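*Asks:* Read left to right, the sequence shown gives residues 1 to 634 (this note's numbering).
Careful, some of the hints might be misleading.
[Said to hold, decoys possible] Dumping the calculated EDC-like pairs for lysine to aspartate or glutamate here, alpha-carbon to alpha-carbon at most 20 Å:
{"id": "1", "residue 1": "LYS343", "residue 2": "ASP420"}
{"id": "2", "residue 1": "LYS307", "residue 2": "GLU363"}
{"id": "3", "residue 1": "LYS571", "residue 2": "ASP625"}
{"id": "4", "residue 1": "LYS85", "residue 2": "GLU179"}
{"id": "5", "residue 1": "LYS467", "residue 2": "GLU363"}
{"id": "6", "residue 1": "LYS343", "residue 2": "ASP295"}
{"id": "7", "residue 1": "LYS289", "residue 2": "GLU229"}
Because the hints were derived from the structure by calculation, they are not lab data.
All values reported here derive from a predicted model rather than from experimental measurement.
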Amino acid sequence: MNKNKTSTAIALFLMSAIAVSLLALPAANAQGSGEKTSYAYIFAAPNPVGVGQTVYISMLIDLPLPDATVDNDIRRHGYTLTITKPDGKTEKFEWAVVQDTTGVEFMSYVPDQVGTYMLKFDYAGQVYTWNATATQRAWTGVRFLPATRTITLTVQEEKIPDPIGSYPLPTEYWTRPIEGQNTIWYTIASNWLGGEQFGRFYVQTGYNLWQQSGTGPESPHILWTQPIEFGGVVGGNTGIPGETYYSGGSYEGRFVNSIIMHGRLYYQLPLGHSGSGGGYVCVDLRTGKEIWRRDDLGVTGSPAPSKGQIYSFESQNQHGAGGGILWQINGTTWNAIDPFSGKWMYTLTNVPSGTEVYTEKGEIVRYVLNYQGRWLALWNFTASIATRAGPTDTSRDQWRPNGKTIDTSTAYSWNVTIPDLPGQTSPTIAAILPGDIILGVSSNIMPGVTRMAVTGLPYTVWALSDKPESRGRLLWIKTYPAPTGNLTRTLGPVDPINRVWTMTDAETMQWIGYNLDNGELLWGPTDIQFRDIQCFASGEGFGQRAVTAYGNLYIQGYGGEIFALSAKDGKVLWKYNNTDGGLETPWGLKPIFIAAVVDGKVYAFNNEHSPNTPLYKGYKIYCIDAFTGEEIYT
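Can you build the whole structure from these sequences, using the hints too?
*Replies:* This is how it looks when you write it as C-alpha cells:
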C-alpha cells in the first residue's frame, strides 16, 4: 500500500511539473544583463496529516529555466528545505542541482511529533551561464534572483484514512469496460494475445498455454453460439452412414490464432474446406454480438492477424496502455490494426527474424543471434524514434506511430558480444526468461514433427546471462553423452518456477530434468507407467509434449491420460484418466490434449489426428484441478 501511495504521489507531482513546463517564458530584456524576479512555491500533502504518516513535499520556482531540456544540463541550482519541528529542532535538505527540467523538486517526509511544523523553501538564485543556442544567448548573464517561501504543516495524533486501493471485486456478472477506479479487477480480467505472450519457455511452438493472470470458467455453461460454417451430420445417403461435415483437422484447423482483447474475441472465418479465406470478425466475448468484420483479412495475400499486443507506454508526457494492436504479419512487414475498429494504424518494415518474447509492459521484442559475428541484439520496434512525435525533448515522450510506415531495421535496444558456443550445430536460442537467462543449444535436439534420421548423439546445451549488468556472458556450456539405446532425445519445456529445463526420450517416453542455472542433472530419466499408445504423444509427430505451469509438468497425449510431474524432482503428483472409450475407439482411453492452464485449472479436450467421420461419440471438454488432478467438470 505504501509503495502504491508513493507512486501515486510522485505521478501527481510530475503532472504538476509538466503543467509548469507548458507555461510561456517571458523574453529577456537584454542579452548578458538584467535580473529576473523569482517566485518560490512549496506545498505539502496531505495537510493535516497523522503522526507517522507520509507527507509529500514539492518545491519549485515559478518558471523553468529557458531552454531547459532533457538533452542539456540547464537546471535550477541551490534549493534548500528547512523543516522546523514543534520542539524547535530543525532538519535541512539541500539540492545543489535540481535534475527535473521543470525545476520541480519533491521528497517524502514522515513527521514524528504532533504539532505545527514550519517548512521553509529557499532558492539561492543563479546567473544564467549557458550560451550554446540563440535562445540561450538571449539569456546569458541574466541573474535569477533568490526567493523564499514558508508554509505550515499540521500534524495530529489521529491518523487520516488510507487512500482507497481499489473497490471490491464483483460478486455477480460484470461487463466491460471496467470502471477505471476498480483497479484490483485486473486480477479477474485478462487477455489471450497469442504469439509469445505467455513466455518463451515452452520450446515447442503452440504449447505456451499457461495464462498466468485472470480467471477461468468454473462451470460448463454455454453463453452463446455463432455458426461459422455448416457442421454436424450431413444427412441423406452420402456413402458413409451418419457422415458429418469436414472439421478441418488436422491441417486446416478452424479458429486458429484466435485472440481475446478488451473483452472482445477476434477470429478468422473458414471458406469451404479451408480454415481461412472467409474474412475476419470481432465479436463481444460475453454476448457473441458482431462488432466489426473485414472481408479483406484472412484471405490469400492478406493473412489474418496472428497475435495481439497491449503496450503500456509510460513517459513524462503520456501514461497508460494504448488501445492495443492486432498484428497482421506478412513476411518482414507487420501491419498494425486497431482492435476497436478494425482499421489500419501503421506499418513496420524490415522486421528481423529472431526469438520472440513479450516484456512485462507489453513490448514485443526479438532476440537476434548472429553467431558468425558473435553478437546478440534485442530488436524492439518501440526503440525506433519514428514511433514518437519527434526526435528531441518532449516529442520523444509522445507515442505517435499512426499513419506511418516505419523502417525497423535499426530498432535495437541493445547489442552485446557473445562467446564461442561450440557444438554439433550452429547455436540456437531455445528459451528465454527475459532480463534473467537465455537457454540455447548447439545440437539438433529441438523438437520437431519427424524423427531425426541420426539419433543417439551427444548434445550441447548452454546458457547466457540476460541480466543488464552481465548480458551476453556465458553462464555455462555442457556437452552431454549420447543416450544409450540409440534414443531420440529432444528438448522439452522450461519451468521458470523451479528453474528447470527438461528433455524427453521419444522411444521410452521418459523425462529428464536439469538445473537451469548450471546445467547439472537434477532428476530422471523418469519411470512413469505410460500406456504404450502414449508413444504417439501429441499426435503431431514423435516425442512427448507437455506444458509447464505452477512448477509442474503436465504431460498429455494419445495415452488418454494427463500426468502431472513436479518439475523440481520429477515425481508424479497425480494422474487423470477419466476418458474411457469402451468399445467406441481402438484406443480404450480417448486421447486427451491440453487447451490451456489458468486459474489453477487444466482445460483439456478429446481429439485425434485427422479425425474420422462420423466422430467418435463421447468426446468431451475437461476441467481438472491443476494441483490435485480432481475433475471439476466435463
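*Asks:* Does each hint fit the structure? Answer for all of them.
*Replies:* Going down the list of hints, with the structure as the test:
1. LYS343 with ASP420: Status violated; Cα separation ~46 Å.
2. LYS307 with GLU363: holds (13 Å)
3. LYS571 with ASP625: Status holds; Cα separation ~18 Å.
4. LYS85 with GLU179: With a Cα-Cα distance of about 42 Å, the restraint between LYS85 and GLU179 is violated, given a limit of 20 Å.
5. LYS467 with GLU363: OK: LYS467 and GLU363 at ~17 Å, within 20 Å.
6. LYS343 with ASP295: Holds - the C-alpha atoms of ASP295 and LYS343 are around 12 Å apart, at most 20 Å.
7. LYS289 with GLU229: holds (17 Å)
In summary, the numbered hints that this structure violates are 1 and 4.
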